[in-house]
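Asker: So you can see what is in the structure, the chains are spelled out below.
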Amino acid sequence: MPKKKLKEHLINREWCKGCGICVHFCPKDVLELDEQDKVVAARPQDCICCMLCELRCPDLAIEVRVEAEQEEASESR
Amino acid sequence: MAVKDYIRERFFPHMWCPGCGHGIVLNSLLRGVEQLGMSKNEIVMVSGIGCSSRISGYVDFHSLHTLHGRALAFATGVKMSKPELNVIVPMGDGDALAIGGNHFIHAARRNIAMTAIVMNNRIYGMTGGQYSPLSGYGTAATTAPYANIDHDFDVVQLAKAAGASFVARTTTFHARQMTDILKSAIVHDGFSVVEILTQCPTYFGRKNKMGGAAEMMEWFRDNTTPIGSKAKQENPDLIERGIFVQEEKQEYCAEYENVIKRATGGRS
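Quick mapping for you: the protein sequence lines, in order, are chains P and S.
Here our numbering is used: position 37 in the first sequence is 37, and no number is missing along the way.
Here our numbering is used: position 106 in the second sequence is 106, and no number is missing along the way.
Some hints could be false.
To be verified - The list that follows gives simulated cross-link-like pairs (lysine-lysine, BS3-like), each with its CA atoms no further than 25 Å apart:
id, chain 1, residue 1, chain 2, residue 2
1, P, 28, P, 38
2, P, 38, P, 7
3, S, 4, P, 4
4, S, 82, S, 261
5, P, 7, S, 4
6, P, 28, P, 3
7, P, 28, P, 4
8, S, 249, S, 261
9, S, 183, S, 249
10, S, 249, P, 5
11, S, 249, S, 82
12, S, 4, P, 38
If you are wondering where the hints come from, they were derived from the structure by calculation, not from laboratory data.
Since the model is a prediction, treat every value here as computed from it, not as a measurement.
Only chain P is shown next, with the shape it has when bound in the complex (with noise of 0.2 Å):
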């Protein structure tokens, strides 16, 4: 399977409760709570895009986007 490339941590500041779920579980140690509570994408160029945290969310706030390039690229092999 080709590596799938990130475009983007889509998070939801306002759907966020903090929880720290997807922060815990981040195998790349890619998330963190901010100030406020929030998870931001702290360290992006590490994310392998295993979905974990966007599966994991219990308040549906982060999406993790890939290339779109990559995506069908992966689907036709």
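Following the hints, complete the assembly by docking chain S onto the known chain P.
Answerer: Frame of chain P; chain S shown alone:
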């Protein structure tokens, strides 16, 4: 369709506490429905009362928010009158197995096609942390400050014994497995029971000194194992997760159609 197309965004952020596992159940369920390519119009969600039951307000399916413990009774009525719809019934542990215990076993016995989800956080969260039939011996709750002396049900064994034709268990830590199991449960033609271990950091976690939401999910990771694993043989205390029962069995609505045909001699 994207996951967000299946929710009523105007009610977000939802009312569940920070870190509540019910949101992860919602998240995984929406992904399952999306992956099955179902339309919003072919699903009815029927729920009772409790934190878990608030889930029906957040999904943009047909939804019914009914009485405490009676979700399966209402759902039976919906399914009998509109058998072509997919009925999903999320319930809390107290809702499903205390006040709704009889509805639960009889719906399972009839094998009526619907998906009963038991969101098991082992506590009554909405009313202040009273122990439930799934809290378990030795746990602490607002109403059990000197430890609970009630033993808990094993939802999987109970559902199996009552006759459910699909029985599975998973946890909020295993979000991908939860989506896969829910998909299988929804397409199963019969009564499906999915127990999902979910965290209540506000009451169960705090009363039992289990840490925050992430620590409670780690507990699910460390204390569960796939069905029949080697780890289970070495440590019988581990909780098994996966699909326990998946069998073909006469479905209630289809059988009822046959009764109508027999009674009318094919005249209807």
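Asker: If you check each hint against the structure, which ones fail?
Answerer: 10
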